[in-house]
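Just so you know, the sequences run in chain order F, H and W.
The numbering of the first sequence is my numbering, which starts it at 1 and goes up by one.
The numbering of the second sequence is my numbering, which starts it at 1001 and goes up by one.
The numbering of the third sequence is my numbering, which starts it at 2001 and goes up by one.
Just so you know, the hints here were simulated from the structure itself, not pulled from any lab data.
Quick caveat, the model's predicted, so the values are computed rather than measured.
Honestly, I wouldn't trust all of these hints.
What the hints assert, rightly or not - In the EDC-like style, the derived pairs of lysine to aspartate or glutamate whose C-alpha atoms are separated by at most 16 Å in a straight line are:
1. F:K59 / H:D1033
2. W:K2027 / F:E20
3. W:K2027 / F:D21
4. F:K82 / F:E55
5. F:K59 / F:D41
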Amino acid sequence: MPDPLVARLKQLIVETLRLEDVEPASIPDDEPLVGGGLSLDSIDALELVVHLEREFGIKIETSEEARGALASVASLAAFIRKRGDPARLPA
Amino acid sequence: MTAFGDAASTHAALMRGESALRPVPVLGGAGGDPVPMALMPGRAIDETNPPSWLGALRALAGAIPDGDWGSPERPVFVTGSNFGVGGLYALRQTGDAAFAAWGAPPTCTERLRVELGWGPDVSIISHACVSAHLGLIEASRALDAGVAREALVLSFDFLSPFVAGGFHALRILNGDFPAPFREGATGAIGLGDGAGFAVLARDRGDWVLDGQSLNNEMHHFTANRGDGSGFSGCLEATAAATRGRRVWYKGHGTGTLEAGRLEVAAAGRSFPGAPVVGWKGSLGHTLGSCGLVELAVAIESVRVGQTPGTYGRGGPAMSDCVAAGNFANGSFDGVVCASNAFGGAHASFLLCHA
Amino acid sequence: MLERWIQAAVTDDAGGEDPAATRARLKGRFPAGATRRMTTLGMIAGAALAGLDPGEGDAIVYASGYAESCALEAFLDSFPTPSPTLFQTSIHPSAVQQVMIGRQTPVREFLPHSGGRLIAFQALRAALLSPAPRVLLCGGEERGTWLLAHGLASDRTFGFAASLSRERPAGAAGRVRLAPADGAGELGLASLFDLFHGRSVFGGFIAPGWRLDLEWL
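The shape of chain F in the complex, shown without the other chains:
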């Protein structure tokens, strides 16, 4: 059973960053988001941060913190579970 948070994050990545030819389910959980197979860069990561903050109630203060949280989909999910509003996590 796919993790609903991980699935939502992958969908958010595709929609927010306009990855037209990418199926959300095809994004590996543990591959680096920045500099990995999706060819995302630091600006993409920060764009994601804006949407993640809005959706999950997290707060990322610095570009260095963003880099750590967005190391992979798995690390991002862990970050959100730790720092996000539990009421906003997908069921």
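Take the given structure of chain F and dock chains H and W to it, following the hints.
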């Protein structure tokens, strides 16, 4: 002109180790995280109509020597990054069309041109933080080619929620205060109001700009090539003008970590032994005007014989060449002034006495 | 007198084309995935510039009066949670940076002009005064939406690039000369574009005190 006032006042404040940066809500009256900003006296970042920065710009323009500026023989180069973009933010937020008057570079500059009585030859050069350098280079070339007798370069950048919100979104403007050329776990910048002008002539003046150099990495919008080749590619050309001269180096140094490390390393290679200073930890990053603002402070430094050290409280300096304290500059022959910008743009020149 | 030879020129007039249609038409000129963050101006001016194969020894002079109007509009619309992508993209001279960063090609110098009434003349002057052996003069506009309603954006979408050299190349396409002269007249950026687009000859004032002679071979 900075939050501290004119070049002399700014220099004096830097020498005293003062900072103009204060925590200000990133969206001004609309709130948001407090971030370091240095605003000119009497200013808030919220837009007014007419703009609250207009008085400061008029005061600065009052010091421009008389001349038929904007004529074919005396072209004007207005440089900056944001111009009246705060007006566009206010327009969008309020729907009040009156804010459109100064909103875009063409309209903002045209209003200034008319108000200051300039002729039509007013170029607008906009390339983020190297804008002022580009204005100086274009002015120099017009003079060297003999198609201008004098040239005026005017540079200004005043803060607004537009630009503060943007840098905050990039997470480099945050709650931390900048410490240029200092190591740390995280980097941070501050932003500052700034404005300045320079009159260039071919055959007279107290100061000479030599070794003007440009380079554009075209590597990434917000990052530099990791080998520092962008910095070196620009500085080496200016270094050729410094052979046989003892110089100090006025760096760009905004407070970001990677760019700071690369810049300091490149300065050390191109100008061995040159003390490196950066003032944005006190003045904030004055964006499109920083090249001219900091040139004015460098001139004042040479005039007075004292260079303010690098302001910023942080970890250890990135290199031994970073001068934390003030120093006497009388034994130096000149100062290299450098600026860098988004997209990996680099600019530098040597300033020395005529 | 300032003079350079035109090695080649590339122009694109989107006319009444819908922005989505312009993007779809130009998408194939860029690597896969590259256009997701590109603006219409970046694509139309960038495709023209890329067509001239910019290299490290080149200078690029870029002219756009209103630049990234749509990214600016979208960034302003994104508050109170401003988009870092749109902020970055809205900053002049993003259009050229979009294509050049995509190519990972450094350039010797890059002189972006924004503009005023005389932007065409001023950009051309900058190009002819550059010491670079080859100068790529490029530019364009993209049609705005709500900014246009306030007179703060272009009502037209077009892009162009011309390769200018000091020495006459084999197969030169034309020649451009600027000379001081008594007299007045002005030529806007869109009009300069039309001259290049139509390969039209011009002899007249481009700015007060400056005459432009444009010939095609």
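- Item | Contradicted hints - numbers only | Per hint list: single violation, 5.
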